[in-house]
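Enquirer: Each chain, letter by letter, is given below.
Number of protein chains: 2
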Amino acid sequence: MKRVTPKSDGGTTQKALLGLLSLGSMSGYDIRALISWSIGHFWSESYGQIYPALKRLAALGLVEKKTERTKGRPDRHVYSLTRQGQVQLKEWLRLSPVAEVQRNELLLKLFFGRHTGVDVSRAHVLALVVTQQSALRVYEAIGKRLRREKKNDPSLPYWLMTLSYGRHRSEALLQWAKETLRVLERMERGEVWRKERGDAHK
Amino acid sequence: MKRVTPKSDGGTTQKALLGLLSLGSMSGYDIRALISWSIGHFWSESYGQIYPALKRLAALGLVEKKTERTKGRPDRHVYSLTRQGQVQLKEWLRLSPVAEVQRNELLLKLFFGRHTGVDVSRAHVLALVVTQQSALRVYEAIGKRLRREKKNDPSLPYWLMTLSYGRHRSEALLQWAKETLRVLERMERGEVWRKERGDAHK
DNA sequence: GGGTGCATGTAATGGGTTACATGATTCT
DNA sequence: AGAATCATGTAACCCATTACATGCACCC
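Each protein sequence line maps, in turn, to chains F and E. In terms of this note's numbering, the first sequence opens at residue 1 and continues consecutively. In terms of this note's numbering, the second sequence opens at residue 1 and continues consecutively.
Hints in this document: simulated from the structure, not taken from any laboratory. Honestly, I wouldn't trust all of these hints.
Put simply, identical chains are the same to the list, so a pair is met inside one copy or across any two.
[Said to hold, decoys possible] With a cut-off of at most 30 Å between alpha-carbon atoms, the simulated DSS-like pairs for lysine-lysine come out as follows:
1) LYS55 x LYS151
2) LYS178 x LYS150
3) LYS151 x LYS178
4) LYS144 x LYS178
5) LYS90 x LYS178
Source: prediction; values computed, not measured.
Given only the sequences and the hints, what does the whole structure look like? Please build it.
Expert: Next comes the structure, spelled out in structure tokens:
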């Protein structure tokens, strides 16, 4: 049986691109570059998504394409929002965000941690510490850049909110990691202790 | 050109199923039910994944299928880990977890919040408050159940760690939401103030 | 009589990454 | 000489959800 509802609103990728183009006209390549230091800490798109999506958006009349000829390099295809695109973007922004599906491989491995023992779990948790510390440094760098280069942009407070989200989250995860490492250590000592009395290894 | 490396290790779904089956033999239906109150807060699988994956695992010899006839109901297909399956699971557990791609629609909408104004952003943040508060209640309920029913299970500490992760995360997000709501309010007042002097609306 | 739970599975559809393909320019 | 950057795009594949398909039992 065929699906009746067309359904396909094109997905969030298209909406994200509309949003980015609302900051200024850009090529697919530019978009990728912009993502990395603006929304890269909570959103990602690959070329395999970006280029086809831009084409579809153009076909829908939500963006407009202009080709800039350059010497040597391939032509730059610069896209800009149309009025329709602006409207669509605003409509989408009002809808409440759909809850994302959580899939946390670290927690999955930790959950089954008994099969490997304390040291493997500890290594996984320590890896999280490293990534979150580096995430915090990234947030700081982006924050500085924003406050310097976008001092008078009316969007600045919104951008800082997303950074703050990342900071809160990372700091909480670091706190959790600290506690978890303590627990793992206690477990290790407990295991040794039990082992000496001969009732370890199930 | 054909891909040379077979690549397909079957993905994490299969590994998650191996893990769950390490807790006891189960049917696909049981697995879905178990997920919801054990790893449901950080992992999800749909039937459309579970049934085909179990079939593949059986073909690989990592699980064994036994059919239980029941009256009235369809046959129950109960799967259990084979020795090979246990080995595979342990091997996978040792590998460091791959970082998951973040895709946070709330932050995306907040990032472009200027296009809609303060009240829309506020609504989105308030929705987050609701979901995180309910998440906290879920964690509490699961914690109680675990401490009651799995008092002597050697895996208990690992399971509690994953719960604690959720708690830390949710509490941090609530904290962030509180701060963000304050910022939004300040912005609103700022906007009004400016509006009265006639330089609002970009 | 109708909803919910038990119980299995497949097909259509959608979303997304990675590898491939191309090729000039600029920096080291 | 070789790597990195600019710049575009497609094809293959993988992963995942949702809807469909089926049907009995039990409770209200």
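Enquirer: Which numbered hints turn out to be false for this structure?
Expert: 1
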